[in-house]
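Student: Between the sequences and the hints, there should be enough to build the whole structure, so can you do that?
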Amino acid sequence: MAKSTKPIIRIHNSETNEVIDREMTDDEFTKYQADKELENQREAEIQAKAAERQAIADRLGLTADDLKILLG
Amino acid sequence: MATTTNYGWTTPDDTALVKDGASAIRTLGSSVDTTTKALNPSTTLGDIEYRSSTANTNTRLGIGTTGQVLTVAGGVPSWAAAATGGMTLLSTTTLSGATVTISSISQDYLSLFAVITGVTNATADGAFQCGPNNNFGVTSMIITDNCVTPLFGSYAVNSIRLSPDDGKPDRTSANNCLTMRIDNYTTSTYKPVQVYGYFNVSGNIYDRGYFGMGGIALTTGITSLVFNNAGGNLSTGTVLLYGVK
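These protein sequence lines are chains F and S, in that order. Under my numbering, think of the first position of the first sequence as 1, with each following residue one higher. Under my numbering, think of the first position of the second sequence as 73, with each following residue one higher.
Keep in mind that the hints were calculated from the coordinates and are not lab data. Watch out, some of these pointers could steer you wrong.
Okay, the calculated beta carbon distance ranges per label pair [said to hold, decoys possible]: (1) F:T30 to S:T292: 20 to 28 Å; (2) F:N17 to S:K317: 54 to 62 Å; (3) S:S260 to F:K31: 19 to 27 Å.
Note that this is a predicted model, so its numbers are computed, not measured. Each residue gets a CB set at the ideal place from its N, CA and C atoms; glycine is no exception.
Tutor: Shown next, in the form of structure tokens:
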């Protein structure tokens, strides 16, 4: 038997309470990868913003603890 | 012939002959019987009567079914189903695998309310998300961490960000938990969404409570919710999905 190469997904039918665990179809896998790529891009934007924030903190001479006090 | 004051039953006159007594009594008894039956038309256990539009004549109302309540319709009493409200548990789903779909969501409610607890994943830290109708096309909501740091985002969303925006939720923390509410979920217009929760966030000072809000920009009703974690396969967690009326 060929080894599974695609991720396993779970589908829970809330009407019948049937739960199915199965491998993704080709279409599902394509969409899954596209969604993941989108999330990676978004994560990169978030990290860039965090870096900008850190740069500002550095310029002001603020440590992580200082920020925690200021914003917490 | 004399008659009674209230129901007009015929009675013998004071001058009536004794020989007519039996007939008079029979007539009176028959009238009493007719009136009594008109006032008490019950035939079956649980019947009740109410005044009809005809004087001295009541209408029979048969007993309702279990759970029904007495109400008024068209100006007369009737039995009807009791008004329902509150939350109904639609499903209890264990998170496992690359994605978890809750499908065939009933369209009989006004809102969806999900309580999600113990969310971890097996591979790496990453954002936890929900795609209504498997739609992850446009992300972002207004998310704040510790209720002090407003982070950018779009008010109109397709997918729902379920974890704090500013960093990756710690994949191993079984304390990761949240509630999600979607109103108007069966309509073809935007659907308000709110998320409140706690996620332990790796390498970030904002590792406490947060909330998010937005409008789901889908023009169809929501029939399924798909959960995933950008960091990898979901490992543990439970989703209690309620319908709210």
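Student: I'd like to know which numbered hints this structure contradicts. Please list them from smallest to largest.
Tutor: 2
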